[in-house]
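Got chain R; can you put chain H on it based on the hints?
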Amino acid sequence: MSLTPTQTPTQVQAQAPTVSPSDAKPVVSVRGLVRNFGSGNVLDGLSLDLQPGSFTALLGRSGCGKSTLLRTLARLDPAPEGAVDLPEQRAVVFQEPRLVPWMRVLRNVTLGLRHPDAEQRGLAALAEVGLSHRARAWPLTLSGGEAQRAALARALVREPRLLLLDEPFAALDALTRLRMQGLVETLWRAHAPAVLLVTHDVDEALLLADRAVVMANGRIAADIPIPLARPRRHGDPGFIALRSRLLAELGVDEEHLAAREPQPAEPRTATGAAGTIGATPGPGGFGLPAGAAAAPSL
Amino acid sequence: MTAVTATKGTATNSTAQQPRAATLPAGLRRCAVPLALLALWQISVGLGWISTRSIPSPTQILTAFWELTVSGELAVHLLVSLGRVSAGLAIGVSVGTVCALIAGLSRRGEDALDALLQMLRTLPHLALVPLFILWFGIGETPKIALVALGTAFPIYLNLFAGIRTVDAKVVEAVSTLGLTRRELIGLVILPGALPSFLTGLRYALGVAWLSLVVGEQINASSGIGYLAMTAREFLRTDVIIVALIVYAILGLLADLIVRVIERSALVWRPAFIKE
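Protein chains in written order, with the working numbering: chain R, 1 to 298; chain H, 1001 to 1275.
One chain only, chain R, in its complex shape (with noise of 0.2 Å):
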């Protein structure tokens, strides 16, 4: 079985920057990953891998697996069954800005960082995510969006190969959002490193992934290529057609939805054990976040 998405030579010239997708060796590579916690597996044979220079969404219900296999993928968490090829260059951003509050900025872009010229690097880091001005700041006096900016200029600087994204936006207000949406697209474009971005947010994979991966019962349920043009609108009949399919891989009954009120964004945790996924919702089914129900533009 292939997980490689099928896309289109066009749209891949388009959207990978540098190597395109279908013939590149993958520089992720997860074979039959297995993590149980006790009650049950977490990670069930999972098998995965990221082409160099993609942008990959990871959906999921919460407790589906989908940070743990983050976790893995950022040796935080051991893999005590299955193989895991990863590239040596990682980089994290996390849901919190996860700063030494005792270092200044600069210092915790380049902390780790073995080069001679680390601070020029990290300087340019910080440029290039417009915080400059903010280099000899103390972590605890920057704004929450700032502070997800440096720790996107920490990721960064150390030009990976792998960027693992956990849910880095969650935690801003929605024009930030926007805004480091958009910072990440122009950063990945010019980086190109492989993205794997966990997120709840079906606009959010959406606007910035070419492919979704939705995650089920410590699996991949569904692995749903997104060859939209660039720069993507909320209202384009693709996106729409799109989001409905992944709302259906995720088990939200649309019509449903649209009938009710836009549910919270973090939805209570699925209870039932195996083939819960696709069943129609119960109450505590896949909340979508707020306004999502309604049409929404940009």
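It is possible that part of the hints are untrue.
Just so you have them, the derived chain R footprint on chain H, three or more residues with Cβ under 8 Å [unchecked claim]:
| id | stretch |
| --- | --- |
| 1 | 1171 to 1185 |
| 2 | 1263 to 1271 |
So the derived list for chain H, only partly shown, Cβ under 10 Å to chain R, looks like this [claimed, not checked]:
| id | residue |
| --- | --- |
| 3 | V1188 |
| 4 | P1191 |
| 5 | G1192 |
| 6 | L1194 |
Ranges of calculated distance between the beta carbons of each label pair, as one might list FRET restraints [unchecked claim]:
| id | chain 1 | residue 1 | chain 2 | residue 2 | range |
| --- | --- | --- | --- | --- | --- |
| 7 | H | M1119 | R | E81 | 42 to 48 Å |
| 8 | H | T1180 | R | G40 | 32 to 38 Å |
| 9 | H | V1260 | R | H234 | 54 to 60 Å |
| 10 | R | H234 | H | L1105 | 47 to 53 Å |
| 11 | R | R114 | H | D1111 | 34 to 40 Å |
| 12 | R | E81 | H | L1105 | 28 to 34 Å |
| 13 | R | S143 | H | L1105 | 30 to 36 Å |
| 14 | H | P1130 | R | D77 | 54 to 60 Å |
| 15 | H | A1127 | R | D173 | 57 to 63 Å |
Bear in mind the hints are in silico, worked out from the structure with no lab data behind them.
Remember, predicted model here, so these are calculated numbers, not experimental data.
Where a beta carbon is used, it is the ideal one built from N, C-alpha and C, also for glycine.
Quick look at chain H alone, frame taken from chain R:
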């Protein structure tokens, strides 16, 4: 009508009361009551309401202070006391720090040390004075040992807790940046535990003076405590009070020093940042 009286009222208020409050600086207003008490004290002793044998007047205390300073006696005893506190603190802080690092940074170290130290810390260390005299005699050693023992525990407890409560999320994020374990400890974990260490240090300084007071009143031949004990034999209450005041000033200075260290070491904290 009501409006007119109201404005009149505020007008008289502002002219009569606000200027007086403004001419008196806040510091002076806070000192007013202690100064008044001091004056009352001086007058009561001067009029013979209080016997000079129970308590001398403030001017008598000042005179004693001056005499002790001029004769050089105070300086000698002060230096001896400071030497004891410094030596005891140096040993206590080092031992406490080393134990906290061992127990805080490794699970095996915690198993080996923590239970023991938690048990020992419940012992009031001043109760060990008789044992220390038997062990170390009556020289400098028991006094320094008492200070060291008293200061090691607050340092250990606070630093250990500080190391263990460094933000795990930050440590996790930093661990993805390719730092060595040594760098992780030196750059992230120890600076993260520094605020707790300084809290422990401030507490340790308090304990150090207390231990010194107790240590110097037993079999000492020099030091501020000795000064007070010999003064008792000559009924020199003024000298005893000078000794008490010196202890208070030293405690205050020690606290001030830690505050200054905190200000410079914890500049990254929002409370200290001035932008």
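Hints, one by one, checked against the model:
| no. | hint | result |
| --- | --- | --- |
| 1 | 1171 to 1185 | holds (count 9) |
| 2 | 1263 to 1271 | holds (count 5) |
| 3 | V1188 | 6 Å, holds |
| 4 | P1191 | 5 Å, holds |
| 5 | G1192 | 7 Å, holds |
| 6 | L1194 | 8 Å, holds |
| 7 | H:M1119 with R:E81: 42 to 48 Å | 43 Å, holds |
| 8 | H:T1180 with R:G40: 32 to 38 Å | 36 Å, holds |
| 9 | H:V1260 with R:H234: 54 to 60 Å | 56 Å, holds |
| 10 | R:H234 with H:L1105: 47 to 53 Å | 51 Å, holds |
| 11 | R:R114 with H:D1111: 34 to 40 Å | 35 Å, holds |
| 12 | R:E81 with H:L1105: 28 to 34 Å | 31 Å, holds |
| 13 | R:S143 with H:L1105: 30 to 36 Å | 34 Å, holds |
| 14 | H:P1130 with R:D77: 54 to 60 Å | 56 Å, holds |
| 15 | H:A1127 with R:D173: 57 to 63 Å | 59 Å, holds |
Consistency note: the structure conflicts with none of the earlier hints.
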